[in-house]
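A.B. asks: Chains as they are written, first to last, in my numbering: chain A, 6 to 423; chain B, 358 to 548; chain C, 174 to 1172; chain D, 73 to 163.
In case anyone wonders, no lab produced these hints; they're calculated from the structure. Heads up, the beta-carbon is just placed ideally off N, CA and C, and yes, glycines get one too. Keep in mind that a hint or two might mislead.
Said to hold, decoys possible - With a cut-off of at most 25 Å between alpha-carbon atoms, the simulated DSS-like pairs for lysine-lysine come out as follows:
{"hint": "1", "chain 1": "A", "residue 1": "K93", "chain 2": "A", "residue 2": "K103"}
{"hint": "2", "chain 1": "A", "residue 1": "K357", "chain 2": "A", "residue 2": "K93"}
{"hint": "3", "chain 1": "A", "residue 1": "K103", "chain 2": "A", "residue 2": "K70"}
{"hint": "4", "chain 1": "A", "residue 1": "K35", "chain 2": "A", "residue 2": "K236"}
{"hint": "5", "chain 1": "A", "residue 1": "K236", "chain 2": "A", "residue 2": "K273"}
{"hint": "6", "chain 1": "A", "residue 1": "K161", "chain 2": "A", "residue 2": "K70"}
{"hint": "7", "chain 1": "A", "residue 1": "K103", "chain 2": "C", "residue 2": "K1168"}
{"hint": "8", "chain 1": "A", "residue 1": "K93", "chain 2": "A", "residue 2": "K70"}
{"hint": "9", "chain 1": "A", "residue 1": "K294", "chain 2": "C", "residue 2": "K606"}
{"hint": "10", "chain 1": "A", "residue 1": "K273", "chain 2": "C", "residue 2": "K302"}
{"hint": "11", "chain 1": "A", "residue 1": "K58", "chain 2": "A", "residue 2": "K357"}
{"hint": "12", "chain 1": "A", "residue 1": "K294", "chain 2": "A", "residue 2": "K70"}
{"hint": "13", "chain 1": "C", "residue 1": "K1105", "chain 2": "A", "residue 2": "K93"}
{"hint": "14", "chain 1": "C", "residue 1": "K693", "chain 2": "C", "residue 2": "K302"}
{"hint": "15", "chain 1": "A", "residue 1": "K70", "chain 2": "A", "residue 2": "K35"}
{"hint": "16", "chain 1": "A", "residue 1": "K70", "chain 2": "C", "residue 2": "K1105"}
{"hint": "17", "chain 1": "A", "residue 1": "K236", "chain 2": "A", "residue 2": "K93"}
{"hint": "18", "chain 1": "C", "residue 1": "K606", "chain 2": "A", "residue 2": "K58"}
As the list claims (entries may be wrong) - Quick partial rundown of chain A residues pointing at chain D, CB under 7 Å, derived from the structure:
{"hint": "19", "residue": "F12"}
{"hint": "20", "residue": "G177"}
{"hint": "21", "residue": "S247"}
{"hint": "22", "residue": "H248"}
{"hint": "23", "residue": "S261"}
{"hint": "24", "residue": "A310"}
{"hint": "25", "residue": "P399"}
{"hint": "26", "residue": "G401"}
{"hint": "27", "residue": "Y409"}
Claimed, not checked - Where chain D lies over chain A, by a calculated footprint (3+ residues, C-beta under 8 Å):
{"hint": "28", "region": "252-258"}
{"hint": "29", "region": "297-308"}
{"hint": "30", "region": "412-423"}
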Amino acid sequence: MQRYSIFSLLRNAVSYHRNWPEAWRSPDPKPSYQVVIIGGGGHGLATAYYLAKEHGITDVAVLEKGWLGGGNTGRNTTNVRSNYILEKNQRFYEFSLKLWEGLSRDLNFNVMFSQRGVLITAHFDPQTQALLRRGNGMRVIGSDAVFLTREEVQRKVPVLDFSPTARFPITGAFLQPRAGVARHDAVAWGFARAADARGVDIIQNCEVTGIRVERGRAVGVETTRGFIAAKKIGIAVAGHTSHVAGMAGLRLPIESHLLQAMVTEPIKPFLQVSLSFGAGHFYTSQTDKGELVMGGDLDGYNSYAQRGNLPMIEHVAAAAVTVMPSIARLRIMRHWAGIMDMTMDGTPIIAKTPVDGLYIDGGWCYGGFKATPGSGWVFAYTIARDRPHELNEPFGLERFARGYTIDERGVGPYPALH
Amino acid sequence: MPSQLMIRSPLSSGPRDRIAEGRGLVLRERGRTVVLYLEGARCALEELPPVGQSAGNDRERLLGIGPDAWLLVAEGGATASPGLNSDRFEVALDQSHAWTRLGISGPSAPAVLAKGCVLDLDSQQFPPGACAVTGFARMRVVLWRPAEHLRYDLLVGRSYALSLWEWLSEAALEFRCEEVKPCRHFLQRTN
Amino acid sequence: MNEQPFRNETGGLIDRARPVRFVFNGRRYWGWDGDTLASALLANGVRIVGRSFKYHRPRGVFGLGAEEPNALVQLGLGGRSEPNSRATQIEIFDGLVAESQNCWPSVRFDLGAATGLFSRLLPAGFYYKTFMWPPRWWMRYERPIRAMAGMGRCADAPDPERYEHRHAHCDVAVVGGGPAGIAAALAAGASGARVCLVDEGARLGGMLLSTGEQMDEGPALDWVAEAETELQALPNLRILTRATVFGYYDDNQLGIVERVADHRAPAPGEPRQRVWHLHARQVVLATGAHERSIAFGDNDLPGVMLASAARGYANRYAVRPGRAAVMFTNNDTAYGAALDLQRSGVAVTALVDLRAEPPTVLASRLAAAGIELIPGSAAVHATGGREVRAVAISRIDEAGVPLGIPREIPCDLLCISGGWNPAVHLHAQARGKPVYDPAIAAFLPGNPVQAERSAGAARGRASLGACIADGAAAGAAAAAAAGFQLKPAPLVTRAAIADDGTGQTPLRAIWRIVPAGGRKRKRFVDLQNDVTDEDIALAVREGYRSVEHVKRYTTLGMGTDQGKTSNTVGFAHIAAALGGDIAAVGTTSFRPPYVPVALGALAGMEGGKHFLPNRRTAMHEWHLGAGALMLQSGPWLRPQCYLRPGESIDEAVRREAIGVRNGVGLVDVSTLGKLELFGPDAVEFLERVYINRWRSLRVDRCRYGVMLREDGIVFDDGTTTRIGNTHFFMTTTTGQAPLVARRLDYCRSVLWPELDLRIVNVTEQWAGMTIAGPDSRRVLARVVEKLDVSSEALPYMGYGTGTIGGISVRVFRISFSGDLAYEIYAPAGFGTAIWERLMQAGAEFGIAPYGIDALNTLRVEKGHVAGGELDGRVTADDLGLGRMIKPDGDFIGRRSLSRPGLRDPARWQLVGLMPEDRNTPVPPGAKLVDGKSDRYLGEITSTAWSPVLRLPIALGLLSGGRSRHGERLYATSPLAGRHVPVIVGSSTFVDPEGKRLHA
Amino acid sequence: MLIPCPHCGQRPHSEFTYGGDATLRRPSDPALAADEEWLDYLYLRDNPRGLHREFWHHTLGCERWIEVRRDTLTHRIEGASATGARRGTRT
Ligand SMILES: Cc1cc2nc3c(=O)[nH]c(=O)nc-3n(C[C@H](O)[C@H](O)[C@H](O)COP(=O)(O)OP(=O)(O)OC[C@H]3O[C@@H](n4cnc5c(N)ncnc54)[C@H](O)[C@@H]3O)c2cc1C
Ligand SMILES: NC(=O)c1ccc[n+]([C@@H]2O[C@H](COP(=O)([O-])OP(=O)(O)OC[C@H]3O[C@@H](n4cnc5c(N)ncnc54)[C@H](O)[C@@H]3O)[C@@H](O)[C@H]2O)c1
Ligand SMILES: Cc1cc2nc3c(=O)[nH]c(=O)nc-3n(C[C@H](O)[C@H](O)[C@H](O)COP(=O)(O)O)c2cc1C
Ligand SMILES: [Zn+2]
């Protein structure tokens, strides 16, 4: 792998950038691999990378039905944080956040992780108390969180509505300073390049159409490019988890729902934190290119359509101008949607399955981007050792039958509400 | 026994209905409306209007609001007894206080309504006598057309009434809509 | 004064009687009514309008309408300031103020252009390869990078203008008011269908407004005017102009943004923009086509313009976009442009055609006009510092590579035509899949998925006659599909145009002119985002091969124009780099909006004050009058407390709570959900939805009930009263009320349709108020008639009806606060009057209203659970309510309770907590720790100051809490910097025996 | 997306509240149901790519639960029907 740096950039400038090598190879699939990962999103690629890096397993193929990062990795609003309510989540996401902090250098690919802070506005007492419980828990386990007064919020995010007529007066805010945003595509590409450099085969335009199970053991996958045998198979296909797991006869506690997102036209720096509105479903951050990326709540019904609709976009826009009245003339440039793998308790599944040699990383809901390095790391561990790491032990499938669900929102088995 | 207590509208503290007028538009509260919720018809369904239709006259109208549910809307004092034999239903509940009735009329009325209502209010599609329960600016309303030309009546849950009134008044601003009778305006304070 | 050096004396669709004054970059200019900012600037000789995104290169007007990539300006001032506004679509009005953006100190001299010096260091994706050292320094690099990026600025004050939405319905929606759209509307309208014709322009006519074409009977624009009159006369037809269909959504719903008052001040109450939701049964897409560019050296200099745009400026605005022009084309359409420009006074010196054998008709027309035709040649590069001064022309070989030494032709206007892309955006949004047509080297609409059809230039039709015929056919087909009988539309048939044999010769699909060793100059594909052909080649070389990868790596087509003039050209470059054809490359996905839409417009009236409607109780106004501080609680506004002069909130809450414990208080509980259940099976239903028994409940008695979700977790709690043998009155918590109502209805109609009962939501009908405290009975007795409120007649958990002031009320002896208390429900219209009665009657007992904070204090003291504890993760047993579970019989959630996780002794259970020093307040939201590890054992869910004990208390959930009574732990709040030793105990702080309740 | 409420006619989906998979059958006596059967009912879903039978509640309308057959890939709705044996069937 040719290392990226300012020097290699200078060197290549001399030759008009004609000599940059491919970031990753595009090999034909081999007939068999030790591990096949289904899904070339951030999670699948990170898993392959850590299998190679942490466990020395390099006979790995990542199979992607389309183009790398074309799933939710390529369409998410890029919040990276560990400000969860429940301890098991806090610990896992904090682990992931630590990996993020060294990721660009680890991958030798600038993923532009910008720790500008994720801020949630506080408006009402019960909501404030919930934020306090959350932040205090994070602090106890060693993560970072602070609570800002109204005046501090105003200094940090002056564009919020602090007028006396504000629809939702702001009383303070909850901030995780180390949280932030990253460049989503770069995460897929960076992991792909680093995994490839360690010998992983990355195979695009290769859709898995079946999982071959013999005597309770997964032995390989049928694909649009033929059968590929594998000793172990990891599924990391986000919104398509039910579908792919179904190929091995599994039914999962997952529904697929749409989450929409949109970007405004680019403007000069305007918002210095990643902002979440505490009294409704709205959040936004500004990319380095200048657009405000915005999102809201799930559409709320099963769907694989991966496209937006007007009522939700309008609702998000309404929240946006309610929270920041000066952006009314800013224009939306594009809106789209992703297919969310919503679990019955809103918490992911990173686990072995009842089929030997078959592992699942899914159920990421709308929060799996931040998990990318962390889940890749523990999923690789789980596959390599055939048992979960203590961090993902709680995220097993059996938690549903045994009543150990991890229900952040406390809404029960109604995926649309998580 | 006539009540010694004053009944209060969610829109105006006085005894009079709140009214606003604009170009080709009258927006008015219609207090003293009796609303009876009826469910579970004991008579033949053919005798009752199906969902989306109504029967009766402008003094007393039966609105089909659900597959087995009706609202009887009648004018009169809030304690007047409705002229419908409520034995014909398994459930007959006085819901007069649950709803606030507004009337919106005049040539500009459809344009104002179309700002918040997705229904096709074209006279072909929604002729006099038609009714519907629908979302209006995120509130649930019962909307119907009395016989009178270019008039629409609607019921909204009492707790939402002021929000809806303020919404409609703003939507009607372009028709220069203004309150006609002096009536105490409501302060809205949220903290 | 009103000198516009590049404006012709006559011609154009501008009103010379109405001069318009405007300011650009601090200078005053004049234009005419009917101008766009772009045309007015060109008329005034302003050529540099903006700076590009990455290299900050000077840019001028490139297009004529929505496709404009370059001429983006900051429009307006203060709260009306709008970044990134396309000068080509801004209609000027008196007083308009605009300025260039993304430049400092000025657009002519921009320091940011220094990036151009390092541009070799900044190929596509350079930022992925550097800025990684020193570790964690990205945030520092990021700051200047962000400052250079972005474009315009967001306003710094709220927008004073209004926005709104409007719903509309029609049988046939026609998008696009060019000749095809007009013909479609005529044809569909004649059938009697309800038609809506929508066009983004200020007037109908589409391309005809800029081409000045002729029909056999006369100017095509006369036909347009006649058609407009006829359309307007149709009763069922609505024409929306200045209205862009920005999105095509499921079930044939079009999102349209109408610029009501962007070109003038809004009338009072009028919105600035209006978003229409048009529900159409059939849609005709007559959205025309966008001309595209060709990549050659320095093809971004101001003065380089689309041929159709230059033609439009000349014809529509009587503006000469330059003095001397050279045309560069790969197709027929630039010929007409050349002739029109020449006619309008621009000296067109040459037309360079990539094709070796252009059509002879066209060649002879050029010759007649004295324009040199240079076939089989290409523009290799433009020259000039900040503007075009000349163009270098070379002959090209088969592959399009320039041969020999180029010839320079001086010019200040270089018009390009790389052919046309049908505007398939809406078709693709409607899930159609565009298909590549090599004949026109463009993507055409594929098979429609929704009820839509394309017509005219949007379907690759080239000539005016073909567009009209196509539009008419599409309009007729749409009306027929909507069920209407077709009738002839005479105007359509009258629109005859003699075929002059042009537009038939195919284009030569070359979009990249690269001289041997030509690395000195940049060849732009995407002007807005500064994407060059080399960037695309680099992406492909580095393995970013999918069109989506190239897009994301280079940012091709990701600007505000979404690649309208550049995408197909870029795809062609990808195909070339991969050695395949464009069809295999495909397109990136088309997404709404077609043009960017303001957030304010999308928000409509919902932005701000009306965001989520508020609900008010019947006593709302009374509360305000009594000095209540109102709190938002879900949709409701509720009194937090009633402030007396000089009181702090804490003081008021204490006073109110003490008042209840020692005397009597009155609180508004109208927000509770209220359901009535009727029917022989109502009691069976209750048995199935609550964890406790109901069959045994006698008439006129209430009972507290707990409902679970099917997963065994507490869903809601409240009281239900048997007010008749088969008639129950249920209350739910405020927050869950709508959910409970829906879920009970689900149980009834989906799970157990066999049960004979009816559920009616009566929440709105009843105002609710609780009179609580030791004196409450005495007060109630004074006002209530026809009800014996003595403890014998109306015991704890008893129910009765009576009248107050002649109004019948429902009285429940229920207590949330833990004191003697009555919930009184009255018809909402009488709520205030009855409340006032109670206040009057209570005056001598010192009655005071209390708000939700005092209510909360009281229930914490009593150990009753509410929101903080009911967090959606607790079981009844966690709350100490396990004994309520009936011994037998199914109910929702029961089956889940046997799971080990729900019986784990380490579960968090409800406890009461007191500060060890009986003095220090317990920090809200604290975690409970033992001080020995970095784990927490539980958390504080509610805090209060106990009016009875006169010390701070708290409720919490604690792992294995019930077996830890007496233990000492810490309530730690690092956020507040507080760490308080607390003693675990029972959650009931007062009256554990319930004496007060039964008093 | 328009949902054809069998009672009220075509209405935008924003008037409705989603109710999930309509093929689930609550065990008639949950106490007798095996753990797997209960797990199945409570948590496991087919989550099909394609035709889905699902419940919707017409919240800003007739306030009835209805069953809708909808394609989750295209959002095309094949039909909708009322729930509740008794509702509206009486004469
Ligand atoms: C709008 C939106 C906003 C979001 N915001 C955030 C956020 O702010 N923060 C956050 O942390 N998370 C966020 N998320 C969630 C996050 O994007 C995802 O959880 C995460 O990216 C999932 O990564 P993945 O690699 O598991 O899935 P994906 O990136 O979706 O990758 C799965 C891949 O599997 C492929 N695949 C599917 N089926 C097959 C098959 N049969 N054969 C081969 N390949 C197949 C797909 O093509 C896809 O490329 C958001 C998601 C969306 C849609
Ligand atoms: N080769 C070609 O394709 C070509 C080239 C040049 C000129 N022409 C000429 O152009 C004309 C084509 O006629 P036509 O009617 O098909 O197209 P047109 O370009 O005349 O009209 C399209 C109209 O649709 C409007 N529009 C586009 N998208 C819209 C949207 N999303 N919302 C609202 N309005 C939208 C445009 O503003 C325009 O007024 C003919 O006169 C033809 O000769 C064709
Ligand atoms: C963080 C982020 C920023 C984006 N910025 C832009 C942008 O500047 N311009 C643009 O056209 N699209 C932008 N997009 C949207 C993408 O173009 C695209 O719509 C999205 O990745 C979904 O892919 P699809 O539309 O091809 O399905 C952005 C997306 C994300 C996730
Ligand atoms: Zn309905």
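A.B. asks: Are there hints from earlier that the structure breaks, and if so, what are their numbers?
C.D. replies: Those not satisfied are hints 3, 5, 6, 7, 8, 9, 12, 16, 17, 18, 19, 20, 25, 26, 27.
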